Amino acid sequence: MPMVFLDRLPVPSIRVYTTISIAILSCSVYYAAQIVKDPAWRTNQTEIAVGDGNNVTGNGIANDSRTIGVHLEELLACMVQEPGCIWTLINMAYCVLILLGKSIQKLVFGELRVSERQHLKDKFWNFVFYKFIFVFGVLNVQYMDEVILWCAWFTALGFLSLLSQLCKDRFEYLSFSPTTPGWSHARLLGLLAAILALSLFMLLLCAAAAFFFVSFNTFAFMAAECILLGVRTIHVMLRYAIHLYDTRGAAGNTSPRSWDKRGPLAYYTELTSELTVLAVDFLHHIHMLLWSNIFLSMASLVICMQLRYLFHEIQRRITKHRNYLAVLSHMKQNYPMASRDELAENSDNCAICWEKMESARKLPCGHLFHNSCLQSWLEQDTSCPTCRLTLSMQANHRDSPLELAVVSQTPVRRNENHFFHFDGSRYVSWLPSFSVEVTHSRLRGDILALAHSNSQLDAMARQVEQLFPHYPKNIILEDLRVTRSVELTIENILDGRLILPHHMMEEPETEPVAQTQTTVLPGSFAQNSWDPRFDIPAADSGEEPSNLGGRFSKSSIERELILQRRKEHMLLSARRRYLEKHRNSESETRNANGNLS
Amino acid sequence: MITDNLYVNIMAGSALRRLMAEYKQLTLNPPEGIIAGPINEENFFEWEALITGPEGTCFEGGVFPAKLIFPPDYPLSPPKMQFTCEMFHPNIYADGRVCISILHAPGDDPMGYESSAERWSPVQSVEKILLSVVSMLAEPNDESGANVDAAKMWREDRPEFERIAQKLVRKTLGIPC
Ligand SMILES: [Zn+2]
Ligand SMILES: [Zn+2]
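Line by line, the protein sequences are chains A and B.
Each residue of the first sequence is one higher than the one before, starting from -11 at the first, in our numbering.
Each residue of the second sequence is one higher than the one before, starting from 545 at the first, in our numbering.
Bound conformation, chain A alone:
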């Protein structure tokens, strides 16, 4: 985010850069070689005046005896000493690093996607910005060679963290497809493992550095970064492992694996690694703030902002985790695990994940779900996914069957004047004292009937009437008597639950088609909710090529192809039907016109 404008700087292409770097490097090598040719170059540098002829010849003889190895060593030593040469060496090192990065990208990732590239760019400038602040604001480095050392350190670190970021992005992308070939997972995992190994190596390196020459503070700074990198990498790897385990065989063949067991495992993996990263980062920043003694500088301001952000993140995670635990304990207390009989009786799949249930929790309404499916749903909503029964997160339902009775009418409220019963007798056995006749199915669950005087009802009816002048007042009043709420009556009208007398209807065929869809159990909905009016005559189905329908291929390419062909077929037959129909209607009108004349 900072220094976005730098994106627009003209950056030479890698090829040009490499060529220039190599050219400069060879120039400086040539220059150094020229110097080293003179065996007395070391003395020449230190002692400017060398007049002793004897000395020169003596060294000249020694020159012949120098091996290539020694020669190269001297060359290198010379280059390190020459200020011009050392910059070309550093430049070359960066060039090699860029080439290395490029080849890793070619080998592992292939073409980068736009979002990955953008992410990478942001991360890069972010990293540069914060490290700049760290080196000059926090450490307050004065000497050039120290700066160079820190630069080297952060270059290595930044390189690895950019790679790990890229791995993370790519993994998230790959997790969107069930058909990723195994080797692309393997390459990515291999790269992640390499990053992890390197970050451990760097940790050892800074431990060694701490042992020999740097202060403990510096060690802590360096170590924190290594640990962050390592934990992030481990996090991606663990997530990857879980994902691979999870999607193994997603393409069709449903192996009996329960998401139940891995649900909490995945959750805690995620939670621990995220909290670890946040905590280490937080401590790292606090350390920086305390260590940089100048409290009122730009640097400390930036660090404070970062600290605030990290603190909020930690807080958010902990709140989320509290919510998780609350939902968990609520589920344990209130929704018993379904017995074997209940599972056998209810052979449907879990309605949330559409997979088989080997163990399940039972809601008061009798619907069964996987433990973790239910958990993740209840974290965001407090109703039964199937029947919308409102689940109060505080009250213990078993203690208040009466309240439940009213609440539970929601699912059947659209069936007019029915005996109140639930699907499956196990519900009744669970609440034996309970059987109600529902006379007004429009009753809304979340309100208990309160006595309203007639004048109140009249006032409410007027309110509704203003909105829907074409509805007769007696119908509105009748509905209000049941709902006791203006909003709910309006809702009923809008949903088409309020039946108008036939002659009043603008459109006699208007009846909410969607009405059954929300309440019907999966598996049976296709028959129930499909309005026969929309049935298209299956005249063309005979022409449909036999290889199109009724087959779900195991190969993704074939699936894509079949889907494509089905779409084309649909469009073609629709076009033919349309043209035929219009030809017919045209000729009909022509005939009619002819008859008239």
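Note that these hints are calculated values from the structure, not bench results.
Treat the numbers as computed from the prediction; the structure is a model and nothing was measured.
Heads up, some of the hints might be wrong.
What the hints assert, rightly or not - Computed cross-link-like contacts, DSS-like style, restricted to lysine-lysine with a CA-CA straight-line distance of at most 27 Å: (1) 711(B) <-> 344(A); (2) 308(A) <-> 672(B); (3) 569(A) <-> 715(B); (4) 344(A) <-> 715(B); (5) 568(B) <-> 555(A); (6) 90(A) <-> 111(A); (7) 542(A) <-> 715(B); (8) 555(A) <-> 696(B); (9) 711(B) <-> 555(A); (10) 715(B) <-> 308(A); (11) 569(A) <-> 711(B); (12) 672(B) <-> 542(A); (13) 555(A) <-> 611(B); (14) 555(A) <-> 624(B); (15) 94(A) <-> 111(A); (16) 542(A) <-> 711(B).
Stated by the list, open to error - Derived CB-CB ranges, DEER-like: (17) 587(B) <-> 22(A): 35 to 45 Å; (18) 715(B) <-> 579(A): 25 to 35 Å; (19) 572(A) <-> 630(B): 23 to 33 Å; (20) 702(B) <-> 296(A): 37 to 47 Å; (21) 702(B) <-> 233(A): 49 to 59 Å; (22) 569(A) <-> 700(B): 26 to 36 Å; (23) 702(B) <-> 259(A): 51 to 61 Å; (24) 702(B) <-> 542(A): 47 to 57 Å; (25) 630(B) <-> 569(A): 40 to 50 Å; (26) 327(A) <-> 587(B): 34 to 44 Å.
Just so you know, even glycine gets a beta-carbon here, dropped at the ideal spot from N, CA and C.
Given chain A's structure and the hints, the job is docking chain B with the ligands onto it.
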């Protein structure tokens, strides 16, 4: 892709399995007049659906393409749906986004009157969404103002609305007007 939900990333696997199951079901038992599936299986979270205009309505005969974008925590959150052809309908925004209650998460209620019973829940599915869209095409809900002009025309000038709809139908079929 990046949402607040801590589950998002670890949920992608289960979302993928569920989408695969739905795709399989929609392929093996396709509802009449509806085809849906991922455009490219490299991204299973983006589907294309073809919806045939319901018989006996002004959209009859048309084949309307739409895009479905699934969130990584599907089916906990609803997908987004957008027609990719030109549409003129009270419940479809000018950019093609569909405004029906089944696509709204239980938490948010942009229109302020939907009962939560019609909103999204994990029990819903692509098939149910598309069937709801078919019924929406047949019976617009002119109270929701996704396209105010269309709603007004639907109420006040039905023949003109039908004329526009028929023009769109011909357009989707590639038949010149
Ligand atoms: Zn489940
Ligand atoms: Zn239920």
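Hints, verified against the model:
A hinted pair counts as satisfied when its Cα atoms are at most 27 Å apart, and residue 711(B) with residue 344(A) does not qualify at roughly 47 Å. This hinted pair does not check out: residue 308(A) and residue 672(B) have alpha carbons roughly 31 Å apart, beyond 27 Å. With a C-alpha separation of about 16 Å, the suggested pairing of residue 569(A) with residue 715(B) holds against the 27 Å cut-off. A hinted pair counts as satisfied when its Cα atoms are at most 27 Å apart, and residue 344(A) with residue 715(B) does not qualify at roughly 44 Å.
Restraint check: the Cα-Cα separation between residue 568(B) and residue 555(A) comes to about 16 Å, which is no more than 27 Å; the hinted pair holds. With a CA separation close to 17 Å, the supplied pair residue 90(A) and residue 111(A) stays within the 27 Å bound. Among the hinted pairs, residue 542(A) with residue 715(B) is inconsistent with the structure: their alpha-carbon atoms are about 35 Å apart, more than 27 Å. The hinted pair formed by residue 555(A) and residue 696(B) fails the criterion: a straight-line CA distance of about 33 Å is larger than 27 Å.
Restraint check for residue 711(B) and residue 555(A): the C-alpha separation of about 21 Å stays at or below 27 Å, so the hint holds. With a C-alpha separation of about 49 Å, the suggested pairing of residue 715(B) with residue 308(A) is violated against the 27 Å cut-off. As the CA atoms of residue 569(A) and residue 711(B) are separated by approximately 15 Å, the hinted pair is consistent with the 27 Å bound. As the CA atoms of residue 672(B) and residue 542(A) are separated by approximately 25 Å, the hinted pair is consistent with the 27 Å bound.
Proximity of residue 555(A) to residue 611(B) is assessed by CA-CA distance (about 14 Å); at most 27 Å being required, the pair is judged to hold. With a C-alpha separation of about 21 Å, the suggested pair residue 555(A) and residue 624(B) falls inside the 27 Å cut-off, and the hint holds. With a CA separation close to 20 Å, the supplied pair residue 94(A) and residue 111(A) stays within the 27 Å bound. For a cut-off of 27 Å, the pair hint linking residue 542(A) to residue 711(B) is broken: about 40 Å separates their Cα positions.
The beta-carbon spacing between residue 587(B) and residue 22(A), approximately 59 Å, falls outside the hinted interval of 35 to 45 Å. A hinted range of 25 to 35 Å holds for the C-beta pair residue 715(B) and residue 579(A), which are about 29 Å apart. Between residue 572(A) and residue 630(B) the beta carbons are some 27 Å apart, a value that agrees with the proposed interval 23 to 33 Å. Distance hint for residue 702(B) and residue 296(A): a CB-CB separation of about 58 Å, inconsistent with the stated range 37 to 47 Å.
Restraint check, residue 702(B) to residue 233(A): a C-beta distance of roughly 57 Å satisfies the suggested window 49 to 59 Å. Taking the beta carbon of each, residue 569(A) and residue 700(B) are about 28 Å apart, inside 26 to 36 Å as hinted. A beta carbon spacing of about 57 Å between residue 702(B) and residue 259(A) agrees with the range 51 to 61 Å that was offered as a hint. Take residue 702(B) and residue 542(A): their Cβ atoms lie about 49 Å apart, and the range 47 to 57 Å holds.
Roughly 22 Å separates the CB atoms of residue 630(B) and residue 569(A), a value that falls outside the hinted 40 to 50 Å. Judged by the Cβ atoms, the range 34 to 44 Å given for residue 327(A) and residue 587(B) holds: they are separated by roughly 42 Å.
The structure is inconsistent with the numbered hints 1, 2, 4, 7, 8, 10, 16, 17, 20 and 25, although it conforms to all the rest.
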